[in-house]
Amino acid sequence: MSDPIYTEIIIDEARNPQNEGTLENPDISQHDSNPMCGDSITLQMNVTDDSINDIKWSGEGCTICKACTSVLTQLIKGKNIDFAKNLKKEEILSELGLEYLAKQSPIRIKCALLSMKALKLGLYSYLAKKLAGSLSLDNLKDDAANLY
Amino acid sequence: MSDPIYTEIIIDEARNPQNEGTLENPDISQHDSNPMCGDSITLQMNVTDDSINDIKWSGEGCTICKACTSVLTQLIKGKNIDFAKNLKKEEILSELGLEYLAKQSPIRIKCALLSMKALKLGLYSYLAKKLAGSLSLDNLKDDAANLY
Amino acid sequence: MQSIESSIENIRKDFPILKRKVRDNKLLVYLDNASTTQKPKQVIDAITNYYNNYNANIHRSVYSIAEEATEAYERVRDKVAKFLNISKREEIIFVRGTTEGINLVAYAWGRKYIKEGDIIVTTEYEHHSNIVPWQLLVKEKGAKLEYIEINDNGELILDQLDKYLATGKVKLVVFSLMSNVLGTISDAEKIISKCHEAGVKTLVDAAQAVPHMSVDVTKLGCDFFAFSAHKMLGPTGIGVLWVRKSVLETMDPFHGGGDMIREVHKYETTWNDLPYKFEAGTPNIADVIGFGSAIDYLSQLGMEAVRKHEMELTQYALDKMSQIKGIVIYGPKDVSKRGGVISFNFHDVHPHDVATIVDREGIAIRSGHHCAQVLMEKLNVAATNRASFYIYNTKQDVDKLIQSLGKVSELFKL
Amino acid sequence: MQSIESSIENIRKDFPILKRKVRDNKLLVYLDNASTTQKPKQVIDAITNYYNNYNANIHRSVYSIAEEATEAYERVRDKVAKFLNISKREEIIFVRGTTEGINLVAYAWGRKYIKEGDIIVTTEYEHHSNIVPWQLLVKEKGAKLEYIEINDNGELILDQLDKYLATGKVKLVVFSLMSNVLGTISDAEKIISKCHEAGVKTLVDAAQAVPHMSVDVTKLGCDFFAFSAHKMLGPTGIGVLWVRKSVLETMDPFHGGGDMIREVHKYETTWNDLPYKFEAGTPNIADVIGFGSAIDYLSQLGMEAVRKHEMELTQYALDKMSQIKGIVIYGPKDVSKRGGVISFNFHDVHPHDVATIVDREGIAIRSGHHCAQVLMEKLNVAATNRASFYIYNTKQDVDKLIQSLGKVSELFKL
Ligand SMILES: Cc1ncc(COP(=O)(O)O)c(C=O)c1O
Ligand SMILES: Cc1ncc(COP(=O)(O)O)c(C=O)c1O
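For the protein sequence lines, the chains are Y, F, G and R, in the order given. At position 115 of the first sequence the residue is numbered 115 (the numbering used here), and the sequence of numbers has no breaks. At position 116 of the second sequence the residue is numbered 116 (the numbering used here), and the sequence of numbers has no breaks. At position 282 of the third sequence the residue is numbered 282 (the numbering used here), and the sequence of numbers has no breaks. At position 174 of the fourth sequence the residue is numbered 174 (the numbering used here), and the sequence of numbers has no breaks.
This is chain Y alone, in the form it adopts within the complex (with noise of 0.2 Å):
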């Protein structure tokens, strides 16, 4: 039996995440958790010049969860905020090769999505915050509700 899902590559990413921790003073910090398994994901970031120079992760997740949440943390480590705030969730899957997740597990696809959906969500609340007002930012808090 093929386990598509299960690569090498997915549990290995799963047990050895990159960026796993907490950082002192975040700039950012958002929790998100899945209430139908439990995952739940605490991202933290700071900002320096409207680049994200620093990002953590904590909390608890399965493979799939943890995998993409790595990856995720690793693809936006140093870039600016425009870059975080315009990822697709493609991007992530297809690191992974785990594009049919989308189509074909309407559930699982919540794990993978679930540290995307606190990036989102937490760029919202840190841009609303400093730009109280400005439109610009209502498609973040639409993209995190609509993830999945």
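No lab work stands behind these hints, which were simulated from the structure alone. Note that the coordinates shown come from a computational prediction; the quantities given were computed from them, not determined experimentally. Note that the Cβ used here is the ideal one computed from N, Cα and C, for glycine as well. Treat the hints with care, as some may be off.
Pair ranges (Cβ atoms, derived) [to be verified]: (1) Y:N25 - G:D162: 56 to 64 Å; (2) R:E140 - G:L158: 34 to 42 Å; (3) R:N25 - Y:Q18: 34 to 42 Å; (4) Y:T22 - G:K219: 47 to 55 Å; (5) F:N25 - R:K169: 26 to 34 Å; (6) G:E5 - R:S6: 53 to 61 Å; (7) Y:N146 - G:D252: 21 to 29 Å; (8) G:K378 - F:T22: 38 to 46 Å.
Footprint (simulated), chain Y over chain G, 3 or more residues, beta carbon under 8 Å [unchecked claim]: (9) 61-70; (10) 254-265.
Assemble chains F, G and R with the ligands onto chain Y, guided by the hints.
Chains F, G and R with the ligands in isolation, oriented as in the chain Y frame:
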């Protein structure tokens, strides 16, 4: 087509019901209604020396309800309380040839027995007040509850 | 879009119960559609197919049939959204029916926002489910319930709404989009725009409207909107409460339990996203899926065609019935202002007796107060007879009813 | 009474879904019965038969099919009464499920009788539906929620109940008759008798018990008792709340609407007899009727036989599972003290991953918090895997599970 329910007897009894009206100072006055159809009957009685020496009814009802109420009041009037306490539904139904209602029409049976329910409940309240605490009354409330 | 009339034989074939014989071998003529409608085999099959092939609890598990069930369930939410032109799927809450929907609003919104001295306005032609929850609420809160009365034509006297709104105390106006007794279609646009101006929230009881005419919730502009699947070809036990998102977001949860939570701790709990916050416990999965088929069925016919068919039948029936000796017919005369619900009485013959006599011919009409006792009091009757139509009814059905009603006049020598 | 084992092939034939192939053409092995059970064709047929032959609203009309529907609906109330040894049919209220049943108690009894400073006692192994409604209630009333903890064997530490009762402030004790995660069967007799002595009311969540063992409500002696049809071969969307009559009579109505009233006037309303006072609106008629068939099916098998079959399977599974590398199994070891629900975890592999791997073989187990996050916190895990059995499961099903769990150890190199 045969219409065994709407015999001339029943239509006549309902068109010219006996004992319709109200009493001045009734010893017993009991209202009951059928939430399904809106049938609504008040039964009033005067009791002297354990005998029901007057009985009147008022309210709204269908042909079956009115005919049965008329028959019930005729059966009860002048009888003693024990007779009324022990009156069986079959006695009312058979007077009008409606025995089969109990089996065939669980809904219309309520029309036929609404006044009997009021009778039993009215007696219960009356006797309960007189002989507060007496156990021998319990069957009346149960009778009323289990009529249909 | 095809007319219903031209395809009625095919439509009737979809409803197995229409072949049913009742009483002395009489073919069933079902004219109690305002109470509940019959179900096409497509709806029944959808339920059976769920149980036979992918029955599983939803939102909770990763295995194959659970995913299929979750997908199918959530797809119905999208169907409801499309059917009623609702743009946000998360505004749609599945409930048991209109009654639960309205009670949910009374508990989860009303108990939070209705205060002593406030006024809730309802109407004289409401179903009990749009009166009793408000009676309970105003009693608890020391608020007041007021009624918009109806005129002799069975229409709401909207000037009375102005009077209540002018007090500045009204917090909520509730009304039925179509009366289940008189058939009257409320002037929703006017009511809601008056309320908007006054900053007052509106609840629409659409139990009789959604099944019988095209409804656009976005255009309507109300805040709460409830209806039942079983009155529109769907299964019993399921219905919809729609709440405008900005309002829904301010509401406390109703039932506590599984699926409506995000995180439960011993002494504190956080809530799930909308709409799940309001769908506690295992939902009625099979019937939601059956309901989806009912929406498909109606969508395919087209709600304009449904409305047209019913208007024709109603006009035909009103014309014929008004000629029967001793009959009184309630509600608007103009079929463009009413749905396919005809309430009537015979002088001196109780509706129950009428229904029983008609039933002997296999014809199912309803007699009683139709859960509208306030209206009965207004009409000064204890009960009425009611015939109500749907997509599978024909002029022959009406003819049979008329003939049978003639017997009533005869038997009771009217 | 025949054993289930001897007739299992016939039993399995009654469940159409057991022929279903999932994923890569694997035969479905359904082991998520604590979540919801599969339905025999008898239940599905009862629903279909209702819609095809006598679909009508109940309690309201005099025509033939309405009478048939009313009869069939009410007969199920009698079946429930007989199945659980309840002597008064009017104590039985049809609700959507356990969750609605418990919430009904919280609203219609709790809001009336729970006051500031009162204590409600629940347990650490409750389902969210027996925690969250009480959290909401105590928050509203300024009361307190306390927990009976569990010991290492997954059993309630009943001394803690004594401690709470000794305060004299406890008004209600709620507990699950069988844990949906650990399978633990509560010592209901002891709990209820302690509460009786203290004059404290008790609520039993029987969602996991009624489907799997013989229960005698009269003997139990509690005041409230709730369970769901969908966990005992019945349809989704229906369940039962039983309330002792002397308590039910003191309760305010819950939902307002049709059927629960006696007389509605503009400003005051009187209530219908029990149980109708608590069944507002069109009920889930079809599913009540389907539920009746489920009760018939289980009665015919005999609940003792059901329990025996599950004990055998559970023992078999516990023996085999405990040999798997890297596995932890929760709950009592003694099968006479537990139901057929086995929760387990692998060191270092998240339950979601386990369920997904097992699902690839067509095996449906549940992974997650099982709506018991308070218990998860106690067990110090985010989630567990859970396999749960029912009458159609076989030792072969268990073997397949064991084999597939072996693959987890392999894949993750445990
Ligand atoms: C012990 C227990 N209580 C309550 C429930 C809730 O039942 P339902 O979702 O049918 O309302 C469940 C099932 O999920 C359960 O296992
Ligand atoms: C106008 C109206 N509102 C509400 C209801 C109640 O709907 P349900 O009984 O499905 O909750 C009905 C139907 O009985 C109705 O006709």
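Provide an ascending list of the numbers of those earlier hints which the structure does not satisfy. 5, 8
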